[in-house]
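Listed in order, the protein sequences are those of chains A and B. Residue numbering for the first sequence follows our numbering, starting at 51 and increasing by one per position. Residue numbering for the second sequence follows our numbering, starting at 14 and increasing by one per position.
Hints are computed from structural coordinates only; laboratory data are not their basis. The reader is advised that the hints may include incorrect statements.
[Said to hold, decoys possible] Pair ranges (Cβ atoms, derived):
no.	chain 1	residue 1	chain 2	residue 2	range
1	A	243	B	375	31 to 39 Å
2	A	130	B	270	52 to 60 Å
3	A	249	B	367	55 to 63 Å
4	A	277	B	296	33 to 41 Å
5	B	288	A	193	56 to 64 Å
6	A	130	B	23	28 to 36 Å
7	B	300	A	76	36 to 44 Å
As the structure is a computational prediction, the values presented were derived from the model and not from experiment. Glycine residues also receive a C-beta, built at the ideal position from the N, C-alpha and C atoms.
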Amino acid sequence: MTAATDPIISIDHVSHYFGSGRLRKQVLYEVSARVDPGEVVILMGPSGSGKTTLLTLIGALRSTQEGSLRLLGEEMYKARKSQLVRLRRNIGYIFQAHNLLNALTARQNVQMSLDLHPNLTAKEKKTRSLEMLEAVGLLDWANYYPQELSGGQKQRVAIARALVSSPRVVLADEPTAALDKQSGRDVVEIMQRLARQRGSAVLLVTHDNRILDVADRILQMEDGRLSTVQREEVIA
Amino acid sequence: MIFAIPLAWLQLIREKVRLLVALAGIGFAVILMFIQLGFRDALFDSSVRLHQALEGDIFMMSPQSTALIALDSFSRRRLLQAEGVPGVESVTPIYISFALWKNPADRSTRSIQVMGYDPSQSIVSKDLLPDSEALKLRDYVLFDRDSRPEFGPVAELFEEKGYVTTEVAGRRVTVGGLFNLGASFGADGNLVTSDINFLRMFDRDPGLIDMGMIRLDPGANVDKAIALMRKDIQDPNGDVLVLSKDEFIAFERDYWQNSTAIGFIFNLGAGIGWIVGMVIVYQILYTDVADHLAEYATLKAMGYRNRYLLSVVFQEAVVLSILGFIPAFFLCIGLYQATENATSLPLQMTQERGTFVFCLTMAMCVISGAIAVRKVQEADPADIF
């Protein structure tokens, strides 16, 4: 059973630079880490420490410049752009801002990520989108537009959108930053529960101490270098 | 992705005010193009109205003539020579000149086109000129009821009294009937009279005519007759030009199209309308893309290809062009009608022009789309984290 123990994300001595020439600045220093299926990993660190850069590298939004980064067994170092775009389809993204499409209803927003999987019929896509909205407790709001929803509701729609296609990896960048304590808590719990059900790995970037207890592991990033910390240390 | 969500359409109708502004802008451009091209064609059509009405198969004119308003005369003998060509049924000499017409109501004068021919022969169809009997009388003329209104309420006066008297070229004449031809760009109004009356009005040599109309026997070969006339009359003498009816019409149209500024002016007007429309559509699409940049970046992050986003912008462009065109098209039909009533120019919506302007509109929107999509490339998914 090697497949089950293969990591979903494996990062090996990845370094990253911004700018070029004399302005070239290194932001990641030989980062190594792994995330296994079904794991919830939190990535912490002060702003500017490079955690978002790492997230965009894992999310196939940037090309890996140095080191080896494997997502779902595929090497992303020197990967072609079309390969990156295809890999993105296996990732569920949750952004700090909800980034929903304003012209679409909650249900249509969720369905947008199913449209990338052409083997479904229109009806199946609709049903699955509604099921997903039900799972985040927004079935009654399916036909509302984003601007008619509260911040927490929007973030829950974004979670539904990220998870509806059952991605193997969920990447979230401070999903609770714009939310109050209770809705932040709800959002994270929904995310954790659904990810567990579907066996997706979750990598979550946050500053929010209130939600650290959902994590299986916590990684700490500082000045572009990664270290593992004990959860108890941080919570204490 | 046949069952995919129609994002382009949903984005367009989400911003209703912007959509309306866009449609108004496109509609404006469409109307501008229709009006300019319509006027251009109307002027060209009006300039050949007489040519089309004349019921001849072959026409003869002086090679010095450039247009109906600039006719040079030629010897009537040439036309009579044509009578001898096999297949010719009859020839009709036509005199054409301009004279000052005195408005019977307010005594103001205005230049009018006068045509003289032998009234025992008909030169145009009965629908246009039902009765030429009056022309047999001395100093009687027929008046074109579709002449511009500045010539006075001649048709009304005639229908009231049965005749109208006024002066043409300083000579007292009586309007003994009406016909329908219509104003052209060159002539604001028309009179016809007999050749004898014409010569009384204008002190001219009767042997010099302005235009010759030749009718062939039914079933005679037009091309053959023309070839023969060119060989026997046109080529050896060099003082006449033999033209088929189509060539005759094309000759006149060509003058207005290429020897005057009209074609250029109206094409320029239409071109400006097109550019204005393009700028409007570009602005709308650009703003739309700029507003949705974060959303587009999100879609890219989700794994949508650039191609999908480009197609969204192009779909929006095509939808805009169709939605903008339809109301403007119907508005233009009404505008054409109103203009036709006001100017006596033949202005109708033709399928050709409709198709042409629709293609221009489509091109306008797609080109704007092509410029606006460059902005989509800026949507970088790495920026939205």
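Hint check for residue 23(B) and residue 130(A) - Cβ pair distance inside 28 to 36 Å = Taking Cβ atoms as reference, residue 130(A) and residue 23(B) lie about 32 Å apart, which means the hint holds.
Status of the given 56 to 64 Å range, CB of residue 193(A) versus CB of residue 288(B) | violated, 42 Å
Given the range 31 to 39 Å, decide if the beta-carbon distance of residue 243(A) to residue 375(B) lies inside it.
-> violated, 51 Å
Consistency of beta-carbon spacing, residue 367(B) to residue 249(A), with hint 55 to 63 Å | Given range 55 to 63 Å: holds, Cβ gap about 60 Å.
Given a hinted range of 52 to 60 Å, is it respected by the beta-carbon distance of residue 130(A) and residue 270(B)?
-> holds, 56 Å
Given the hint of 33 to 41 Å, check if residue 277(A) and residue 296(B) actually sit that far apart at their C-beta atoms.
-> violated, 52 Å
Confirm or reject the claim that residue 300(B) and residue 76(A) have a C-beta distance inside 36 to 44 Å.
-> holds, 39 Å
Violated hints for the displayed structure, listed by number in ascending order: 1, 4 and 5.
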